[in-house]
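Asker: Sequence:
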Amino acid sequence: MLDDSYYADAEGKSGAALKTALHTIISKQSTVSYAQVWDALTVTDQDPANSADVIELYTGKSVPKSSSGGSTGDWNREHVWAKSHGDFGTATGPGTDLHHLRPSDVAVNGVRGNKDFDNGGTAVAGAPGNFTDSDSFEPRDAVKGDVARMILYMAVRYDGGDGFPDLEPNDKVDNGSAPAIGRISVLKQWSDEDPPDAFEEHRNDVIYSDYQHNRNPFIDHPEWVDSIW
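Numbering (this note's numbering), first residue to last: 1 to 229.
Incorrect hints may have been included.
Claimed, not checked - 30 Å max Cα-Cα, derived BS3-like pairs, lysine-lysine:
1) Lys188 - Lys61
2) Lys83 - Lys61
3) Lys172 - Lys83
4) Lys28 - Lys13
5) Lys61 - Lys13
6) Lys13 - Lys188
7) Lys172 - Lys188
8) Lys65 - Lys83
9) Lys65 - Lys172
10) Lys188 - Lys83
11) Lys188 - Lys28
Think of the hints as simulated: they come from the structure by calculation, not from any bench.
Let's have the full structure, built from the sequences with the hints guiding it.
Answerer: Below you can see the structure in the form of structure tokens.
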């Protein structure tokens, strides 16, 4: 699915120059509305073993596509970069970018809330392997890298130059409404420990071919995480 020329302008670059080149590349995209996100997620996150289901990000459960909504037991649209961090809401742009929107169990999404990402805490009910405390959330091991690469995609895509906030990772928790999410040191560790798998790569391909026509460069080139940060 990936055209060899897609990243041509980024080849050979590192650090800030690489980040700038990638921003230019991935900013050439189409957009979807927040209402359209529902249907898009049933395609991007379809269970490879059951085409009637989607895979929830944090629980890892396969659940019916039809059980989307806001009630207990439903799945809803999780903003992995919490939309209050930069206060961009659900307007078309960062609030509807499929590269960081994933199906999530309603209750677990509520537990995550707008917390930053870090290791530790107490177990999250109904979501084995996830942990939380007052100011941070730790996803299960199988999606730690996914979460990290989604956050770092957002930081490169949205640099403040297009009317949206300049999103940047930092090494703090409890960032509140600042356009920042932590902790970058932990996210880098997660990206190293959980490299892209077939599900994540397929998802990137589907968003590229069918919806936004841009890619998450850190799925295609995980080594670029350390080059920039």
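Asker: Given the proposed pairing of Lys28 with Lys13, does the C-alpha separation stay at or below 30 Å?
Answerer: holds, 19 Å
Asker: Assess, step by step, whether the Cα of Lys172 is no farther than 30 Å from the Cα of Lys188, and give holds or violated.
Answerer: Status holds; Cα separation ~14 Å.
Asker: What's the verdict on Lys65 and Lys172, does the C-alpha distance respect the 30 Å limit or exceed it?
Answerer: violated, 36 Å
Asker: Going straight from one Cα to the other, do Lys13 and Lys188 come out at no more than 30 Å?
Answerer: Status holds; Cα separation ~19 Å.
Asker: Measure nothing beyond the straight line between the CA atoms of Lys188 and Lys83; if it is 30 Å or shorter, mark the hint as holding.
Answerer: holds, 21 Å
Asker: Just to be careful, I want the Cα atoms of Lys188 and Lys61 compared with a cutoff of 30 Å; is the pair within it?
Answerer: holds, 26 Å
Asker: Is the hinted pair Lys188 and Lys28 satisfied, with a Cα-Cα distance of at most 30 Å?
Answerer: holds, 26 Å
Asker: Please verify whether Lys65 and Lys83 have alpha carbons no more than 30 Å apart.
Answerer: Satisfied, since the Cα-Cα distance of roughly 24 Å is no more than 30 Å.
Asker: Checking one constraint from the list: CA of Lys172 to CA of Lys83, max 30 Å. Satisfied?
Answerer: holds, 17 Å
Asker: Given the hinted pair Lys61 and Lys13, is their Cα-Cα distance within 30 Å?
Answerer: Violated, at about 39 Å.
Asker: Hey, Lys83 versus Lys61, does the alpha-carbon distance stay inside 30 Å?
Answerer: Between Lys83 and Lys61 the Cα gap is close to 24 Å, so the pair holds against 30 Å.
Of the numbered hints stated above, those contradicted by the structure are hints 5, 9, listed in ascending order.
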